[in-house]
Amino acid sequence: MGRFHRHPDGTVHAHDHDGAAHDHAQLEHDVGDHTGYESTGSARVAVLEDILSENDRVADANRHDFAHASVRTVNLMSSPGAGKTTLLKRTLAVLCDRIRIGVLEGDIATSLDADELGGLGAAISLVNTSAGFGGECHLDAVMVRSGLARLPLDDLDLVIVENVGNLVCPAEFDVGEHAKAMVYAVTEGEEKPLKYPVMFRAVDVVVVNKIDLLPHLDFELDRFLDNLAGVNPTATVIRTSARTGEGVDEWCRWLAGVVGPSADER
Amino acid sequence: MPRTHFVVLVRPGVNEGTVPATTKAVPLHELALCEAIARTVLDRAEGRRVTRVALRIGHFRQVVPDALTFSWELLTSDTDLDGADLEVEHIPATVACDDCAALTRLQIPVLVCGTCGSHRVELRTGDEFLVVSFDVAEEVGDGSIPSSS
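Residue numbers (our numbering), protein chains in the order written: chain D, 1 to 266; chain Z, 1 to 149.
Simulated from the structure, these hints should not be mistaken for laboratory data.
We put the CB at the ideal spot given by N, CA and C, even for glycine.
Subject to a maximum C-alpha distance of 25 Å in a straight line, what follows is the list of computed DMTMM-like cross-link-like pairs (lysine to aspartate or glutamate):
no., chain 1, residue 1, chain 2, residue 2
1, D, K195, Z, E89
2, D, K195, Z, D66
3, D, K192, Z, D127
A short list of chain Z residues far from chain D (calculated; beta carbon distances all over 10 Å):
no., residue
4, G47
5, P65
6, G83
7, C97
8, A102
9, E122
Given these sequences and hints, build the entire structure.
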């Protein structure tokens, strides 16, 4: 009788197994039907690939398209309500006369944010994420790719991907961006860098927003900055109030820096 | 792989009774990860029945094991992966110090050397996020297996 199995390297073969060499019962093999072929359990297939490798391959394709069109891309993330859209409105008002900007707007099901950003001089592409199973909470590389098809990449200098409001999922998914930025509202408390380290470690810049509210809050900015430095010592910190406009210029200079040194002189 | 176009997750005590069952989907990080895992495995399974999937996940990835298992069962039921166990190997987070060369195991994600207190440390483990392998059931007694008897 043949003893058929497959090795992890994919080779398949059968061992001789005449039944007289040992007693099945003694080997505790006496479970199941041994009259036909003996089950040899299972074969292991080695993978050793990152869980998100498929996403990363599409992200590479996006990166290639950005490079081809000479566009730089920033992935902008935050929790819901931290002020991404308000900050973006201010940003477009400052930058659109010297940098050609496209915004890829991720939204679970509505066009509310995209509508707000319309008419400010940027090309807007809306990606509703509700069609994906489990993809409601972030933009992945595939969704961004579909949204890019609706942006005139060749006529842009900068694409800002406004991700879905969420502190967990967006940080995991590379979309092909050149820099990751997050908006963090002082109303969110000091401990979040320790609770959401993947996001805080991934970003190049943290925009600490709503600082006009500081006098009304117990929020200790220094403690937040200590926690942030513990998780991500190299992150740039920019303090803003998207409501009053404070700090928006510094944020816009940072964005212009992503596009390149020449962007400021255009 | 069959795709469910819409899913409503009612989490006891979280949104139970507050979510109109037909209008709102609950975002779940682990569900997206499970979808990626399933795709990775199915691409390589070549139609064989998968019995077990082994993952290696670092301490600093924000993955809740129970949520991962729950999502996996939800996602794979009635698919080719139905019944495949998900096995997660947890990898502790360690940093190596640039200043004193000590290795420190970290619980919270503040990157600091436990020996000299330096912040000049390098993350050695804890960032893993791998599909390591999967097991497929052997075909048994289907007549196509070579036999010497």
